[in-house]
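**Student:** The lines below spell out each chain.
There are 2 protein chains.
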Amino acid sequence: MTRLLAILYLITLNCFSQSNLMETYNLMPWPKSIQENNQRFIIDENLTVSIDGKNQKRVQHGVTSFLRRLSNRSGVFINEGFAVPLSNNQQASIQITYKKSAELIIQDDESYQLDINSNKVTLVANTDVGAIRGLETLLQLLTNTNSEYYLPGVSISDAPRFVWRGLMIDVSRHFHPIDVIKRNLDAMASVKMNVFHWHLTDDQGFRIESKTYPKLHELASDRLYYTQEQIKDIVEYASILGIRVIPEFDVPGHATAILTAYPELGSKPGATYKIERYAGVFDPTLDPTKEDVYVFLENLFTEIAPLFPDSYFHIGGDENEGKHWDANEHIQQFKKEHNLATNHDLQTYFNIRLEKILKKLDKKLVGWDEIMTPNMPKTAIIHSWRGEHEGLAKGGTLIEAAKKGYNTILSNGFYIDRMESVVKHYQTEPIGDVQLTEDERNRILGGEVTMWSELVTPLTIDSRIWPRTAAIAERLWSQKDITDVDKMLKRLEVINYRLEEVGITHIRNKGVILRNLSNNQDISGLEILSNVCEPLKIYSRNEGGTEYKTYSPFTLFADACNVDANDALKFKKAVTNYTESPNEAHKSDIITLLEAWSKNHKAFQKIDKSPKIAPLESLSFNLSESAKFLLKLSQKEKLSKNDIKSFKSRIETLKQPFADVELVIVNDMEKLFEALK
Amino acid sequence: MTRLLAILYLITLNCFSQSNLMETYNLMPWPKSIQENNQRFIIDENLTVSIDGKNQKRVQHGVTSFLRRLSNRSGVFINEGFAVPLSNNQQASIQITYKKSAELIIQDDESYQLDINSNKVTLVANTDVGAIRGLETLLQLLTNTNSEYYLPGVSISDAPRFVWRGLMIDVSRHFHPIDVIKRNLDAMASVKMNVFHWHLTDDQGFRIESKTYPKLHELASDRLYYTQEQIKDIVEYASILGIRVIPEFDVPGHATAILTAYPELGSKPGATYKIERYAGVFDPTLDPTKEDVYVFLENLFTEIAPLFPDSYFHIGGDENEGKHWDANEHIQQFKKEHNLATNHDLQTYFNIRLEKILKKLDKKLVGWDEIMTPNMPKTAIIHSWRGEHEGLAKGGTLIEAAKKGYNTILSNGFYIDRMESVVKHYQTEPIGDVQLTEDERNRILGGEVTMWSELVTPLTIDSRIWPRTAAIAERLWSQKDITDVDKMLKRLEVINYRLEEVGITHIRNKGVILRNLSNNQDISGLEILSNVCEPLKIYSRNEGGTEYKTYSPFTLFADACNVDANDALKFKKAVTNYTESPNEAHKSDIITLLEAWSKNHKAFQKIDKSPKIAPLESLSFNLSESAKFLLKLSQKEKLSKNDIKSFKSRIETLKQPFADVELVIVNDMEKLFEALK
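Chains as they are written, first to last, in our numbering: chain V, 76 to 752; chain X, 76 to 752.
Heads up, a few of these hints could be off.
As the list claims (entries may be wrong) - So these bits of chain X aren't anywhere near chain V, every CB distance computed over 10 Å: (1) ASP261; (2) LYS453; (3) LYS624.
Claimed, not checked - Restraint-style ranges between C-beta atoms, simulated for each label pair: (4) ASN121(V) x PRO252(X): 28 to 36 Å; (5) GLU404(X) x GLN166(V): 39 to 47 Å; (6) ILE427(X) x GLN303(V): 36 to 44 Å.
Keep in mind that the hints were calculated from the coordinates and are not lab data.
Ideal placement from N, C-alpha and C gives every residue a C-beta, glycine not left out.
Model the full assembly from the supplied sequences, consistent with the hints where possible.
**Tutor:** Shown next as structure tokens:
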């Protein structure tokens, strides 16, 4: 019994110290284990890095990039800008050792061991990818006093929980050029993600050059596509960062672009098609009864597959509502002849034929979870996007797939384009308390963040991906018990601005949009407003108003706003604190914010209005007036019934969306009113 | 006599109205002629654009880009996102007509005629390039009321003064990836520039893939180079914007990178070379006496030349001090044998051989003005970089070259890397009052802005190129009499922030550097400081201190500061106004600024210091104290002798550089002191 108590004590101590460490180190994803030794490794001009390992391409690149970032962050003029050769006489101050080069397969070992003391840093890994993961941890550890930058003395052992930690970017609905992809790959590597899923085709565009079927990029891309050389460049760039690249060719639905180029492959006889300009689920679908369709896909995949060395190949397979199939007599006839009762059966027939084509090309088929039909071979990988919210059992299709014997990855809960809080995504635990056998557990490879691009352009996409994706990266890398939301948010604040270092534009581009909105006038009035507004969530942005097309303006106020609006989070915390213990300190936090809002309409009014800003006038005015009212109330001023009535009416107005944003502090304003009155 | 008076009157009237028009329209470069008609063309969702002309690639691209920018700027959801087909029944609201596709040669016609009235816009040009120049003018005309965006009714006839309006970017001293080049090409097109001069090789790196001599990019680029596919992509991208691309391979000096790969081509027997990490003029030089050198250059140019369709090819030829030639006996012997008295003669021998190689490849040789030696064939183009400041006659080598019969372009006066005021560059008139024959005048093709990259990285390069280059673009496009500095500065303010629209990062990246400096604390204290500081000018940045290497940090306070510091310009104007007429209004402009500075040290002190910020402490403190003193003085407070003494001593301190910046308001502070005391 004493022994049990001692164990419990140790566990508690460990949790407690872990928790303390999270206050000190802004690491994300949080490592498996970390021990402190109270030493400091000072960054000065004599710092050197050596590499001991074969095939040094990845680690050389990692070290060069490490040295540039270290120098740019610390301002230290480091003498040696590249790794130094191994030498018997002189030891480098940072020594990297690894055994072999990773193959970029799901069996790769990404673990590493890091030891920092006052005169030496050692980084040991089994693979080069493990080594570069460790370099990212080193950079996250960097800290400073007034007079110097240093790495704190720690020992870290680290390894990922899941082998598949991905980000999908949809480049069809809006095209995203090479530089957008590269900077996002850099950001992924900075939080140890390892799969880039490239959604290359959809109704709104076919984004890759085909030499076999050139009409695809010529007629169905508006000249916005990647050349094959660019694809190779990205695959190589990702490989150096230890990131696998999985292409997706979405078939048989989401096929408007393909059919714009080759209408004869469609399910609607005699139809012609045009690149889709709207967002939604559309009817154009490949005809699975035509042999030409398989010839086309086999030729296309045979051409494209070698560009992507990864053994997985995503064929989409989602959201086919089968309207054109139902309307086509020949297809109905085919179903009867082949004993295919439903459209689902027909799609399985199609998928199985695809699976065979891909097998010849040495590729494993990945598809969205609609492909999980009874006859689907177990070699397929099920990409789970539907879950409990879609009316499925606990764990959704992820757990179902694992139990049925499929390898599977999770995106349900990681749909960042829904513009929901990071907290929700962070709390999406893939397995939870579901009981699984070891085999079943091992079939759950990991997950992918999905960035569907209906409402994002190269100007805004970074702000929609980051920083929330960093928290999901932690969910997929770190141990299951790393779940403290407040500590995550505190670390995320640091990780967030550090993303600027690798080129992510999420913070800087807000000013670009606000300057454009205001014709370069003083934007402070708009900035304060944007810090309490969030873009409408879950695809409600264009409800009732003008429907967005791919070429609609995405430089509106809503595009400058972001999820988890800064000042809204601060206000929520302040109001919660105050209602829990209504002391002066907590009140003062509230008053600071209320004062800023109460003054803000004056700043807003100073801006010469344009048609883009005018719709915000009422929002700005009502916010200021409500804040004034709450200020008076907090200062115990006597307020008339009419004041209260007009406050309540303003609050009702403020609950409505304005210009595709919602004011996310309204509920807390009401809560504060109740607490103060 | 009456007639002469009438003419004078008309001229005056024209100047006056021209001057008034500059208050209304923020056009840059200013067009040749502009007439108003008081109508308005409203931008609404029904706007359409048609194109009547052959080979529509350029204009189609121009129209698509025009529609995106129009929509993003106005917020209008334009129904048709692309040019509409010509139709007999329905006329588009914006009609573009041109005769032929430009060949991208110096004889191309870039003129256009623009007519805007309330229901129609017509844009007529001889070439497609003229048409896209006109589209940029249209976008610059866009303006708005509270309720709508519109194009004002005007007729504009426009054509350039010079046929060669270039920007050179040095990608050797710091590499600048494809996206940096593309956004700068877009920005160039937005101010009607038409030549991109790509300085591809220098001591610090060989930046282009060579299949014939792969060691060049493999050993002499740190893996930072353009593939040939990327070069083709850029050349095509530029062509669509009506921009010619001229490559530069700098020989026989500036050759350290080439010799790192192929030391046997050097002038120092048995030497080996390493990529240069510092800035400066270095000794490694090709050996012009070796036949192998010409074989190498002929093979290399034969491989590279076809990537660049332009008929001009730049061979550098500058800054060869000939030290390795002097030290080499074999070279001395060769000079004697070939009757080459000086190293200049030897270099001419080299240049003439190059000229012949290039002729075979159908290329005209361009070189920096050192190549202008007596025997140099008149087919060469002289790139003038030395002028009166370098001890030459009025007009420098530009006028000399034109008089000697060479075609010539000007860069003297356009060295923007010297970090001097836009005013100086704007006032660089290429021809001035020098008398030239028509032939001589025609041989002056235009000029080029030069962005040498010793001190710029992809993070900062845009802020060093823009907005000053827009003013130089006007110097080269607009008529000679467009010289009003105040009106240029007023228009430049608008053009400056509009550059964000095409992706230029000069404004947004300042915050990135300041957030990095402050570890993401409130940067307002640093921002105010950065608006009165400028980076040290004319290559003095690293004097006395740590010498910058290519991989030194360029994320320091100096990198966040820029030429023509905003608040310094405001202060200068305010002080000038006040000393000229010391009234309360003028005083109040001064006081606003002084108050901000006097308070700023408090904001600065709130930032937790890092080694990067600490050196600014004294600057910040002395600025605040001096501002406080001047405030008191302006409020007629009694000040002691000691106060005055310590103010004067502070001013002396503030005259010194701090952390590679200078406080550029010191002289105006002194001037104000004299006016107030």
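**Student:** Does the hinted range 36 to 44 Å hold for ILE427(X) and GLN303(V) at CB?
**Tutor:** holds, 43 Å
**Student:** Please check whether the beta-carbon of LYS453(X) is more than 10 Å away from every beta-carbon in chain V.
**Tutor:** holds, 41 Å
**Student:** Does ASP261(X) clear chain V by more than 10 Å, comparing its Cβ with all Cβ atoms of that chain?
**Tutor:** holds, 12 Å
**Student:** Can we confirm that no CB of chain V comes within 10 Å of the CB of LYS624(X)?
**Tutor:** violated, 7 Å
**Student:** Holds or violated: the 28 to 36 Å window for the beta-carbon distance between ASN121(V) and PRO252(X)?
**Tutor:** Holds, at about 30 Å.
**Student:** 39 to 47 Å was suggested as the range; check whether the CB atoms of GLU404(X) and GLN166(V) agree with it.
**Tutor:** holds, 44 Å
Of the numbered hints stated above, the single one contradicted by the structure is hint 3.
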